[in-house]
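Model the full assembly from the supplied sequences, consistent with the hints where possible.
These are the residues of each chain, in order.
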Amino acid sequence: MSGLKKKPEKQLTDLLCKETHFRREEIEKLIQIFKKLLIDTNKNDTLKQESLKLDRTIFRDILHNTFHMTDDMLMDRVFRAFDKDSDSYICLQEWVKGLSVFLQGTVDEKTQYCFDVYDLNSDGYISREEMFHMLKNSMVKQPTEEDPDEGIKDLVELTLKKMDHDHDGRLSYKDFKSSVVIEPLLLEAFGQCLPDNKSKDAFVKTFSDCDGQQADTSKKGKK
Amino acid sequence: MGQTLARAAQWTSASDGGEGKLEFTPINESILNSIIKFVEAFPGKHPQEAQMPFKKPLQWKTSLEASSFSGGYEQTDDGIKSSTTDKEDNPLLVLEGEILKVSSLDQVNAVLKIAADKKMHEARCVLEANRDPLVNILGDSFASVEGEDSATVRLLEQIQKEEGDAKEEKEVKLKVALIVQQFDTQLMSQSIKEIAKEVRLRPEQVEREVTLLKSFSGEDENCVLESIKYTSDYVFANGCRAPPWRQVHGEICYLRVQPHDGDSFYVTTATAGAFIIKTTKKSKKKNTGQQKLEPSLKWKNLGMANMEEEEKQQKEKKDKEKEKKKKVVKEKRYSRKSGHGDRKPKTPAQEEEDFSESSSESEEEEETLDRRQESNADLPSEYWQIQKLVKYLKGGNQTATIIALCSMRDFNLTQETCQLAIRDVGGLEVLINLLETEDIKCKKTRISDKIPVTDLTPDEEYLVDPQTERLQIGSLKILREISQNFHIRRAIADLGGLQTMVEILKSPNKELKCLAAETIANVARFRRARRTVRQHGGIKKLVGLLDCAPLDSDPVNPEVEKDIEVARSGALALWSCSKMTKNKHAIRKAGGIPLLAQLLKSPHENMLIPVVGTLQECASEQSYRLAIRTEGMIEDLVKNLNSDNEELQMHCASAIFKCAEEKETRDLVRQYGGLDPLVGLLSKSENKELLAAATGAIWKCAISPENVQRFQELKAIEMLVGLLNDQPEEVLVNVVGALGECAQEPSNRLAIRKAGGIPPLVNLLTGTNQALLVNVTKAVGACATEPDNMTVIDKLDGVRLLWSLLKNQNPEVQASAAWAICPCIENAKDAGEMVRSFVGGLELIVSLLKSEHMEVLSSVCAAIANIAKDEENLAVITDHGVVPMLAKLTPMTDDKLRRHLADAIARCCMWGNNRVSFGQHGAVAPLVKYLKSPNKDVHRATAEALFQLSKDPENCITMHENGVVKVSYDIYS
Numbered sequence: 637m638s639g640l641k642k643k644p645e646k647q648l649t650d651l652l653c654k655e656t657h658f659r660r661e662e663i664e665k666l667i668q669i670f671k672k673l674l675i676d677t678n679k680n681d682t683l684k685q686e687s688l689k690l691d692r693t694i695f696r697d698i699l700h701n702t703f704h705m706t707d708d709m710l711m712d713r714v715f716r717a718f719d720k721d722s723d724s725y726i727c728l729q730e731w732v733k734g735l736s737v738f739l740q741g742t743v744d745e746k747t748q749y750c751f752d753v754y755d756l757n758s759d760g761y762i763s764r765e766e767m768f769h770m771l772k773n774s775m776v777k778q779p780t781e782e783d784p785d786e787g788i789k790d791l792v793e794l795t796l797k798k799m800d801h802d803h804d805g806r807l808s809y810k811d812f813k814s815s816v817v818i819e820p821l822l823l824e825a826f827g828q829c830l831p832d833n834k835s836k837d838a839f840v841k842t843f844s845d846c847d848g849q850q851a852d853t854s855k856k857g858k859k
Numbered sequence: 025m026g027q028t029l030a031r032a033a034q035w036t037s038a039s040d041g042g043e044g045k046l047e048f049t050p051i052n053e054s055i056l057n058s059i060i061k062f063v064e065a066f067p068g069k070h071p072q073e074a075q076m077p078f079k080k081p082l083q084w085k086t087s088l089e090a091s092s093f094s095g096g097y098e099q100t101d102d103g104i105k106s107s108t109t110d111k112e113d114n115p116l117l118v119l120e121g122e123i124l125k126v127s128s129l130d131q132v133n134a135v136l137k138i139a140a141d142k143k144m145h146e147a148r149c150v151l152e153a154n155r156d157p158l159v160n161i162l163g164d165s166f167a168s169v170e171g172e173d174s175a176t177v178r179l180l181e182q183i184q185k186e187e188g189d190a191k192e193e194k195e196v197k198l199k200v201a202l203i204v205q206q207f208d209t210q211l212m213s214q215s216i217k218e219i220a221k222e223v224r225l226r227p228e229q230v231e232r233e234v235t236l237l238k239s240f241s242g243e244d245e246n247c248v249l250e251s252i253k254y255t256s257d258y259v260f261a262n263g264c265r266a267p268p269w270r271q272v273h274g275e276i277c278y279l280r281v282q283p284h285d286g287d288s289f290y291v292t293t294a295t296a297g298a299f300i301i302k303t304t305k306k307s308k309k310k311n312t313g314q315q316k317l318e319p320s321l322k323w324k325n326l327g328m329a330n331m332e333e334e335e336k337q338q339k340e341k342k343d344k345e346k347e348k349k350k351k352v353v354k355e356k357r358y359s360r361k362s363g364h365g366d367r368k369p370k371t372p373a374q375e376e377e378d379f380s381e382s383s384s385e386s387e388e389e390e391e392t393l394d395r396r397q398e399s400n401a402d403l404p405s406e407y408w409q410i411q412k413l414v415k416y417l418k419g420g421n422q423t424a425t426i427i428a429l430c431s432m433r434d435f436n437l438t439q440e441t442c443q444l445a446i447r448d449v450g451g452l453e454v455l456i457n458l459l460e461t462e463d464i465k466c467k468k469t470r471i472s473d474k475i476p477v478t479d480l481t482p483d484e485e486y487l488v489d490p491q492t493e494r495l496q497i498g499s500l501k502i503l504r505e506i507s508q509n510f511h512i513r514r515a516i517a518d519l520g521g522l523q524t525m526v527e528i529l530k531s532p533n534k535e536l537k538c539l540a541a542e543t544i545a546n547v548a549r550f551r552r553a554r555r556t557v558r559q560h561g562g563i564k565k566l567v568g569l570l571d572c573a574p575l576d577s578d579p580v581n582p583e584v585e586k587d588i589e590v591a592r593s594g595a596l597a598l599w600s601c602s603k604m605t606k607n608k609h610a611i612r613k614a615g616g617i618p619l620l621a622q623l624l625k626s627p628h629e630n631m632l633i634p635v636v637g638t639l640q641e642c643a644s645e646q647s648y649r650l651a652i653r654t655e656g657m658i659e660d661l662v663k664n665l666n667s668d669n670e671e672l673q674m675h676c677a678s679a680i681f682k683c684a685e686e687k688e689t690r691d692l693v694r695q696y697g698g699l700d701p702l703v704g705l706l707s708k709s710e711n712k713e714l715l716a717a718a719t720g721a722i723w724k725c726a727i728s729p730e731n732v733q734r735f736q737e738l739k740a741i742e743m744l745v746g747l748l749n750d751q752p753e754e755v756l757v758n759v760v761g762a763l764g765e766c767a768q769e770p771s772n773r774l775a776i777r778k779a780g781g782i783p784p785l786v787n788l789l790t791g792t793n794q795a796l797l798v799n800v801t802k803a804v805g806a807c808a809t810e811p812d813n814m815t816v817i818d819k820l821d822g823v824r825l826l827w828s829l830l831k832n833q834n835p836e837v838q839a840s841a842a843w844a845i846c847p848c849i850e851n852a853k854d855a856g857e858m859v860r861s862f863v864g865g866l867e868l869i870v871s872l873l874k875s876e877h878m879e880v881l882s883s884v885c886a887a888i889a890n891i892a893k894d895e896e897n898l899a900v901i902t903d904h905g906v907v908p909m910l911a912k913l914t915p916m917t918d919d920k921l922r923r924h925l926a927d928a929i930a931r932c933c934m935w936g937n938n939r940v941s942f943g944q945h946g947a948v949a950p951l952v953k954y955l956k957s958p959n960k961d962v963h964r965a966t967a968e969a970l971f972q973l974s975k976d977p978e979n980c981i982t983m984h985e986n987g988v989v990k991v992s993y994d995i996y997s
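Chains A and B supply the protein sequences, listed in that same order. To convert, take the position in the first sequence, counting from 1, and add 636; that gives our numbering. To convert, take the position in the second sequence, counting from 1, and add 24; that gives our numbering.
What the hints contain is simulated information worked out from the structure, not anything from laboratory work. Be aware that a few hints might be false.
Stated by the list, open to error - In silico DSS-like links for lysine-lysine, alpha-carbon gap of 25 Å or less:
no., chain 1, residue 1, chain 2, residue 2
1, B, LYS45, A, LYS798
2, B, LYS194, A, LYS813
3, B, LYS69, B, LYS194
4, B, LYS990, A, LYS772
5, A, LYS746, B, LYS143
6, A, LYS841, B, LYS534
7, A, LYS834, B, LYS534
8, B, LYS412, A, LYS797
9, B, LYS69, B, LYS142
10, B, LYS142, A, LYS834
11, A, LYS841, A, LYS813
12, A, LYS841, B, LYS142
13, B, LYS412, A, LYS789
14, B, LYS960, B, LYS990
15, A, LYS789, B, LYS418
16, A, LYS671, A, LYS654
17, A, LYS798, A, LYS813
18, B, LYS912, A, LYS813
19, A, LYS746, A, LYS813
Note that the structure is a prediction, hence the values are computed from the model and not measured.
See the structure below:
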């Protein structure tokens with residue numbers, strides 16, 4: 637690689653180092669992984685600075701294979717949460733920043749991230765319909781039941797009862813946040829959008845030199 | 025008197041004579057006596073009414089001679105008649121041959137006077153001839169009838185209508201009617217009392233009644249009872265089921281009754297009636313009035329009674345029986361305890377399922393509870409809501425499950441309805457299933473690797489949905505709450521929840537570990553659960569949780585804080601588990617003691633309570649006591665005695681109580697200044713558990729004389745004496761134990777007397793608690809070594825009470841009582857006379873020489889040595905065969921026994937030819953061997969005994985043969 641290319645990369649790394657929970661070496665590794673992913677998928681093309689972008693399919697494969705996510709819709713939503721500028725691609729910066737929240741985010745960051753994922757139409761509220769949409773596959777279909785959606789509707793009502801503190805029939809970010817503070821389990825209330833500990837640790841190991849321990853210490857340092 | 029005569033009086037069957045006769049029974053006798061007294065007093069009290077002529081004369085065959093009538097009577101052809109007449113000029117008394125007709129109470133009275141000592145016979149004849157005298161006196165309308173009697177009312181109405189003379193006449197009549205009726209009522213209640221004295225249940229009757237009740241019992245709501253059964257199937261030859269030693273108290277059998285509308289209860293049937301055994305849990309306070317009695321018990325005379333009547337009576341009897349069974353009579357606890365086949369009563373201090381595996385008991389409880397649930401049609405709304413949530417738990421994926429788990433926590437899970445609702449709708453199974461996520465996850469990961477995302481159907485997707493710790497946390501948060509419930513705990517253990525939770529303890533997630541440990545702490549409150557935890561390696565893992573960062577640094581770091589929380593929950597779980605001996609060993613083997621010692625230095629009360637609690641439980645083991653001392657934990661325990669938290673103080677005191685069995689520990693407690701706070705705790709008389717622990721610690725500490733000295737300075741004796749009244753037995757045992765130890769010091773004996781401690785102590789000798797009795801006898805014995813105290817004890821008849829304790833079943837009590845008797849005899853004035861005054865006392869104490877318990881034998885030998893100081897008593901015990909019995913004990917090897925035995929033999933030699941008989945019974949040869957014992961006291965006593973025995977030449981020969989010279993020489997050279 638040429639020196640020209642290296643320079644902006646260095647600046648980027650410095651910037652990311654300030655804005656994320658990662659250490660410099662980790663960021664460098666993550667960038668390598670990012671590039672490797674692109675090379676793996678586009679074997680023929682030589683990499684150009686502007687094409688350093690992950691498309692939806694590659695990202696979804698990562699979510700599925702590395703983090704064992706399964707819900708189509710939610711994976712799509714996670715992609716959008718990463719894709720801050722909504723250009724349907726994830727650039728290097730979005731990749732590192734996204735992973736920072738995804739892997740080592742504080743509770744506040746994660747809460748915001750999850751809310752963004754669940755707010756399907758990005759209008760700042762999670763409505764009944766959105767909840768229904770996200771929960772509709774959450775029950776095993778009971779052949780005996782007359783209306784298979786009935787159970788889901790009930791579940792939505794239950795959720796609202798639990799989380800809708802201002803009783804306006806939808807969840808604002810405030811509702812969501814206070815619910816999570818009271819009951820941390822509700823962070824991923826409408827489906828998995830964060831990695832489970834095992835796959836997270838496994839992934840962190842791939843870019844952290846001295847496995848999870850260092851990631852831990854770095855986290856502590858930030859706090 | 026009509027009603028009484030009809031019901032209470034016992035008539036012979038009318039069939040055998042045409043006329044019914046009054047039986048010659050005490051009841052009839054007393055009825056007749058009352059009637060005679062009534063009639064005799066009548067003219068005096070109511071002169072006008074006595075004149076009233078009867079409607080129809082009372083007529084009977086008299087045994088009186090015409091000649092005995094004089095004054096106011098006129099001779100007629102074949103008899104006499106009275107000069108007084110009624111309005112129609114009919115004489116009020118007519119005697120024709122043997123037939124006597126009397127028409128006024130005045131005349132009846134006169135007849136009775138004439139009859140003199142035959143008046144009883146006359147009265148009997150009158151009543152036999154006139155079954156219902158009221159009919160004769162007042163008219164047919166006053167006949168005794170069943171049910172409401174309106175004759176009086178009618179008469180009253182008539183009076184109001186009539187005028188003049190007629191009115192007056194009726195008024196008199198009414199008065200008579202009222203007086204007689206009143207008398208009747210009186211008579212009736214009196215005869216019932218009489219009957220009451222006589223009624224006695226017999227085994228056959230009980231058997232019959234129970235069989236009858238059994239035939240009316242069943243599951244059906246219409247039945248009288250659900251079930252009634254005997255507690256014991258064994259029937260003695262006399263028909264009783266109660267053990268023989270209860271039969272002497274008149275008890276026949278014990279029944280367990282399960283009514284439809286309440287908890288089951290137990291009934292003791294004794295010859296005096298049937299009584300409900302009052303359970304400690306729920307006192308069923310129904311009227312405790314006198315027993316319901318059956319005045320109609322003498323049905324045997326109703327030979328001719330028709331079937332219908334019989335049936336009615338049976339029903340009546342059954343109702344009465346039922347009522348009777350509901351009656352509560354305060355049965356003393358001990359009588360229940362000795363009731364064979366009964367449940368053991370629990371002391372309140374004991375935790376609910378502490379040591380006894382009371383599974384059968386709890387199963388019963390559970391059954392009844394389930395039944396209630398089924399029958400209860402209107403379940404609370406929570407039940408349905410919880411059922412719905414459980415449906416989501418069962419059928420939902422992780423997301424739905426989490427929402428359902430969180431919603432479930434909004435219910436009040438400390439409420440039993442919710443707890444049981446979760447169990448009843450199958451929620452427990454799901455919750456426990458959620459804990460077992462580890463394996464499934466691995467499997468799913470592999471599946472998801474192989475199958476491309478798009479090919480997954482929603483159902484498969486559900487299957488491979490990776491479950492995480494979140495589910496475990498959610499589930500455990502609920503389990504932790506609901507496992508407060510006894511039934512839930514058992515259900516969790518039954519479903520294998522403990523094994524999974526023990527596995528979870530390995531998790532790196534601290535929150536999860538905490539929750540699992542806390543839930544284990546809740547569940548492991550019964551024996552089987554504790555065993556399960558141990559068998560699955562839980563103890564080791566729990567001990568592992570204790571290992572956290574040093575505590576002295578302020579936990580500013582949230583990670584350290586979490587570590588401390590983990591350690592605390594681990595200690596909580598260990599506390600629950602430590603109530604079992606094998607678990608205590610397991611904790612020690614897992615290296616728990618140094619970790620506990622480290623945590624004991626924590627400044628946080630919520631950490632200290634479980635840690636001290638665990639130590640306190642484990643301190644029942646010798647190895648722990650040693651470790652607690654050597655690891656320097658006594659200092660911390662003493663330090664925490666000064667805490668403000670009463671629970672912590674209680675556990676510390678309790679730990680010291682157990683540890684202070686060892687002298688070094690007692691010294692350490694003193695050196696760290698622990699005695700002062702202990703005495704300080706004595707003022708907390710409202711917290712009984714704390715008081716029991718503190719007094720216990722004082723008791724054990726008082727074994728060291730140095731500590732007693734400190735207690736003396738702190739005026740502990742006076743405070744302890746103050747606690748002798750109105751305290752629960754757990755406290756009393758320790759208080760008395762402490763006094764017993766303190767009283768080893770002469771000046772304290774004086775202090776106890778001055779503080780007025782002797783009367784309550786002697787009073788406690790009448791108790792039943794065995795542990796208490798052992799301590800009380802010891803304390804009284806110690807006090808009795810002071811002649812002044814002895815005077816007080818003697819005055820309170822304490823020696824007799826001690827003596828009666830020799831009859832106690834418990835050998836420890838026997839021994840302790842016998843030891844206490846020794847100083848009493850030594851110090852009492854005129855001890856010989858006192859001992860003789862106990863009827864059968866000497867025979868009793870001699871018979872205890874047959875005991876199998878070494879301590880009893882030693883103590884009894886010591887007592888006998890004292891008794892034998894009085895020659896007359898020595899003669900009596902010789903007659904009771906004390907010599908061969910003592911001789912039989914000589915081969916024993918216990919030094920304590922040997923010493924007192926030799927003493928007793930030496931004393932007993934003083935009478936008659938006892939020396940010779942000792943020789944004949946082979947007591948001499950073994951005695952010589954006593955000289956080889958290393959114990960000086962044995963030597964002294966043996967030498968004394970040999971000296972006495974050697975006055976008989978035969979014995980000298982035996983001694984010589986056994987080498988007495990050489991052995992003696994060895995000792996004294």
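Cross-check of the supplied hints:
{"no.": "1", "hint": "LYS45/B <-> LYS798/A", "result": "88 Å, violated"}
{"no.": "2", "hint": "LYS194/B <-> LYS813/A", "result": "98 Å, violated"}
{"no.": "3", "hint": "LYS69/B <-> LYS194/B", "result": "19 Å, holds"}
{"no.": "4", "hint": "LYS990/B <-> LYS772/A", "result": "104 Å, violated"}
{"no.": "5", "hint": "LYS746/A <-> LYS143/B", "result": "111 Å, violated"}
{"no.": "6", "hint": "LYS841/A <-> LYS534/B", "result": "21 Å, holds"}
{"no.": "7", "hint": "LYS834/A <-> LYS534/B", "result": "15 Å, holds"}
{"no.": "8", "hint": "LYS412/B <-> LYS797/A", "result": "15 Å, holds"}
{"no.": "9", "hint": "LYS69/B <-> LYS142/B", "result": "24 Å, holds"}
{"no.": "10", "hint": "LYS142/B <-> LYS834/A", "result": "112 Å, violated"}
{"no.": "11", "hint": "LYS841/A <-> LYS813/A", "result": "31 Å, violated"}
{"no.": "12", "hint": "LYS841/A <-> LYS142/B", "result": "121 Å, violated"}
{"no.": "13", "hint": "LYS412/B <-> LYS789/A", "result": "13 Å, holds"}
{"no.": "14", "hint": "LYS960/B <-> LYS990/B", "result": "17 Å, holds"}
{"no.": "15", "hint": "LYS789/A <-> LYS418/B", "result": "17 Å, holds"}
{"no.": "16", "hint": "LYS671/A <-> LYS654/A", "result": "22 Å, holds"}
{"no.": "17", "hint": "LYS798/A <-> LYS813/A", "result": "12 Å, holds"}
{"no.": "18", "hint": "LYS912/B <-> LYS813/A", "result": "88 Å, violated"}
{"no.": "19", "hint": "LYS746/A <-> LYS813/A", "result": "10 Å, holds"}
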